[in-house]
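Heads up: the sequence lines are chains X and W, in that order. Numbering follows the working numbering, in which position 554 of the first sequence is assigned residue number 554; successive positions increment by one, without gaps. Numbering follows the working numbering, in which position 43 of the second sequence is assigned residue number 628; successive positions increment by one, without gaps.
Honestly, the hints are just simulated from the structure, not real lab data. Owing to the predicted nature of the structure, the values given are computational and were not obtained by experimental measurement. Each residue gets a CB set at the ideal place from its N, CA and C atoms; glycine is no exception. Worth double-checking, as some hints may not be accurate.
Claimed, not checked - Here are some chain X residues pointing at chain W (derived, C-beta under 8 angstroms):
hint : residue
1    : 107
2    : 437
3    : 438
4    : 533
5    : 539
6    : 563
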Amino acid sequence: MKSLPTRNSKLALHRAGFASVPAMLDYAAEGETGVTFYNAKGEQLSALPWSDVRQRAHVVARKLIGAGFARGERILITADTWPGFFDSFFGAQYAGLLPVPVSIPVGIGGKEAYLDQLRRQLDASGAVAAFGLDDLAGYLGEAAKEFPGVRLHGGMDVLHELPEKPVDLRPLGVDDLCYIQFSSGSTRHPHGVQITQRALMANLAGMTGPAGLDVVVGDRAVSWLPLYHDMGLIGFLMAPLSAQLSIDYMTPRDFARRPMQWLNLMSRNRGTISYSPSFGYDLAVRRGAAQVPADLDLKSWRHAGIGGDMVRADVLERFASTFEGAGFNSKAFIPSYGMAEVCLAITFSPHGTGVRTDTVDRTTLAEAQRAVPAADPADDRQARRFVLCGRVLPGHQLEVRGADGEVLADREVGRIFVAGPSIMPGYFGEPEASQEVLSADGWLDTGDLGYTLAGEIVVTGRAKDLIIVNGRNVWPQDIEWAIEAKRLTKNGDAAAFSIDTGEGERVVVAVLARVSGEEARLALARDVAGAVREAIAVDCDVALVPPTVGLPTTSSGKLSRARTKANYLAGLYASASPSLKPAAA
Amino acid sequence: MIVENDGIADTLELRRGSTLARGEVMGEICHHLSPFQVGEKPIAGDTVIAKDLTIDSLAIMDMVMELEDRFDVSIPMNVVAEIHTVDQLADTILKLHARR
Numbered sequence: 001m002k003s004l005p006t007r008n009s010k011l012a013l014h015r016a017g018f019a020s021v022p023a024m025l026d027y028a029a030e031g032e033t034g035v036t037f038y039n040a041k042g043e044q045l046s047a048l049p050w051s052d053v054r055q056r057a058h059v060v061a062r063k064l065i066g067a068g069f070a071r072g073e074r075i076l077i078t079a080d081t082w083p084g085f086f087d088s089f090f091g092a093q094y095a096g097l098l099p100v101p102v103s104i105p106v107g108i109g110g111k112e113a114y115l116d117q118l119r120r121q122l123d124a125s126g127a128v129a130a131f132g133l134d135d136l137a138g139y140l141g142e143a144a145k146e147f148p149g150v151r152l153h154g155g156m157d158v159l160h161e162l163p164e165k166p167v168d169l170r171p172l173g174v175d176d177l178c179y180i181q182f183s184s185g186s187t188r189h190p191h192g193v194q195i196t197q198r199a200l201m202a203n204l205a206g207m208t209g210p211a212g213l214d215v216v217v218g219d220r221a222v223s224w225l226p227l228y229h230d231m232g233l234i235g236f237l238m239a240p241l242s243a244q245l246s247i248d249y250m251t252p253r254d255f256a257r258r259p260m261q262w263l264n265l266m267s268r269n270r271g272t273i274s275y276s277p278s279f280g281y282d283l284a285v286r287r288g289a290a291q292v293p294a295d296l297d298l299k300s301w302r303h304a305g306i307g308g309d310m311v312r313a314d315v316l317e318r319f320a321s322t323f324e325g326a327g328f329n330s331k332a333f334i335p336s337y338g339m340a341e342v343c344l345a346i347t348f349s350p351h352g353t354g355v356r357t358d359t360v361d362r363t364t365l366a367e368a369q370r371a372v373p374a375a376d377p378a379d380d381r382q383a384r385r386f387v388l389c390g391r392v393l394p395g396h397q398l399e400v401r402g403a404d405g406e407v408l409a410d411r412e413v414g415r416i417f418v419a420g421p422s423i424m425p426g427y428f429g430e431p432e433a434s435q436e437v438l439s440a441d442g443w444l445d446t447g448d449l450g451y452t453l454a455g456e457i458v459v460t461g462r463a464k465d466l467i468i469v470n471g472r473n474v475w476p477q478d479i480e481w482a483i484e485a486k487r488l489t490k491n492g493d494a495a496a497f498s499i500d501t502g503e504g505e506r507v508v509v510a511v512l513a514r515v516s517g518e519e520a521r522l523a524l525a526r527d528v529a530g531a532v533r534e535a536i537a538v539d540c541d542v543a544l545v546p547p548t549v550g551l552p553t554t555s556s557g558k559l560s561r562a563r564t565k566a567n568y569l570a571g572l573y574a575s576a577s578p579s580l581k582p583a584a585a
Numbered sequence: 586m587i588v589e590n591d592g593i594a595d596t597l598e599l600r601r602g603s604t605l606a607r608g609e610v611m612g613e614i615c616h617h618l619s620p621f622q623v624g625e626k627p628i629a630g631d632t633v634i635a636k637d638l639t640i641d642s643l644a645i646m647d648m649v650m651e652l653e654d655r656f657d658v659s660i661p662m663n664v665v666a667e668i669h670t671v672d673q674l675a676d677t678i679l680k681l682h683a684r685r
């Protein structure tokens, strides 16, 4: 099969500046570029020029309108990387409906947790239909049972079997919402970010413009990022579409299995732009270093972006040295910072500088919240290295504020706030949760901690207890709840947090051990780790806390995860779990 | 609604003469899982993979992938999500192999 061209033969490259997603697709459809899907072996599965994407979306839109769905209603879509997602997502855009992209199940034994997630997302979005991969049709049906408002659900055949009626399209416009992004809030209480067409267009302009990736003719995007995540959907579908680029996709599942296929795709198709959280670069090194193909050529890769988790300089340095021989240029790295609440991007490192770090003193950072340059940067016990993530996008503002809301000086650590045209109007149907993070004058509390350095942001951690493992956001409440659900502990007897291992985050669960005897203690630790792995597909260390010591609580009697973590790091709780082996290299 | 029809699958399998022995599949699974065994308790059919062993989620995915390659089957994600024990994993592979 022929791959789609990188350049359009006649159509001029327009970088963003469109009114809406339908308008972007209308323009891109005048050229020959488009999206191509690859499997784990690197074989092409299908290729859809943007003109086909648009054509198919129009058909789906007429079916959806014909089926009586009203403008503004929500449609849940399992966002695996496959043409069906494009049909339903863009079909909804032309039908005036709002897509709600959701994840697919992870790992073995994950059925119940997945159904639970689907039910919560159906509830939070008030979806009237749910479409997905044929394999997941049964799950959608099962989850939808409790929701009489879901009028249609199943695999793509259910959508395609609807009659196509001769109705007018009713595309979403500049004043409309675009879709609902679930990537914020715990799975128990999911928050759906309202992505508006206007904010999305503003963010795309920033991303593709000179302060962002400065997209040019000849660029080609390659991605394995999940389309249910803002970095995958906005960064590697909306952004390339807004500049009429071709995109080569593989699924996140296939990437995790065969990470070298990501680099092979870059090499074969002369990709120029690709992103990954740090863990993806790490995976490529760990699984790929031993078998770098002789003909791998990464010279065309001009923007190797990093986002979605804490940017890790050591990981990126290892990647660069591993693939230097294949032509990878370490100056191509672009550390970036963003979140779904601003659509996606808020800062980009400048081009051509690669990863720049600031090494600060750990003690002053922890105790005085100040980022003071370390006396001896080579001393890992006293020095901590952070990556500079660049300046805020044009037209936006960023401030680091102290506990009383005052704007802090450089090197003083506080909460990061942002404002500007990319900011969400709020979470769908949740005015209270929205008010907690959005001020009346339009500032968003990101919940992240960091400091500024000559106009650039350095992110140091999260104010919230959020845990990020392998690029996945995990809420400690979900972990604790999974343990309680198995009746291994009572409510409030488990506290989940993550520790920075220098290589990534490691999840630790501290549980009150109301059992005696070494065997029973080990069994409890194993059961807790097993319950977490089964329900959340996350590996954890278990620390057993004697009931006499107890878990720390806040003044209002709530469990304090931050203090539990501090106690753990201070060595107050012995780690009881047999240390888990690292993933097979 | 999906109607399981193992009778037909079995017949086809016999005609093709490529019967995959259960023991072979179990052996392969146990081979992958043995590094993650806890204590003296042997890995058996009723071992709950994610719970009774020290295997992590990435290694589980690796194992599933290698089993898929080894027996030339592809386990759909909804089926994977319903597998808990070694027996269930083996039976799934046998069933899919028979349908090839």
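Against the structure, the hints come out as follows:
The beta carbon of residue 107 of chain X is positioned within 8 angstroms of a beta carbon in chain W (closest approach about 5 angstroms), and the interface hint is therefore held. Taking 8 angstroms as the C-beta contact cut-off toward chain W, the hint placing residue 437 of chain X at the interface is violated, the least distance being around 31 angstroms. Contact between residue 438 of chain X and chain W, as hinted, is not supported at the beta carbon level, the nearest pair being about 35 angstroms apart and thus beyond 8 angstroms. Interface hint at residue 533 of chain X: satisfied, since its Cβ lies 5 angstroms from the closest Cβ of chain W, which is below the 8 angstroms cut-off.
Look at residue 539 of chain X: its Cβ gets to within about 4 angstroms of chain W, closer than 8 angstroms, so that hint holds up. A distance limit of 8 angstroms between C-beta atoms decides the matter here; for residue 563 of chain X the minimum to chain W is near 28 angstroms, and the interface restraint is violated.
The structure is inconsistent with the numbered hints 2, 3 and 6, although it conforms to all the rest.
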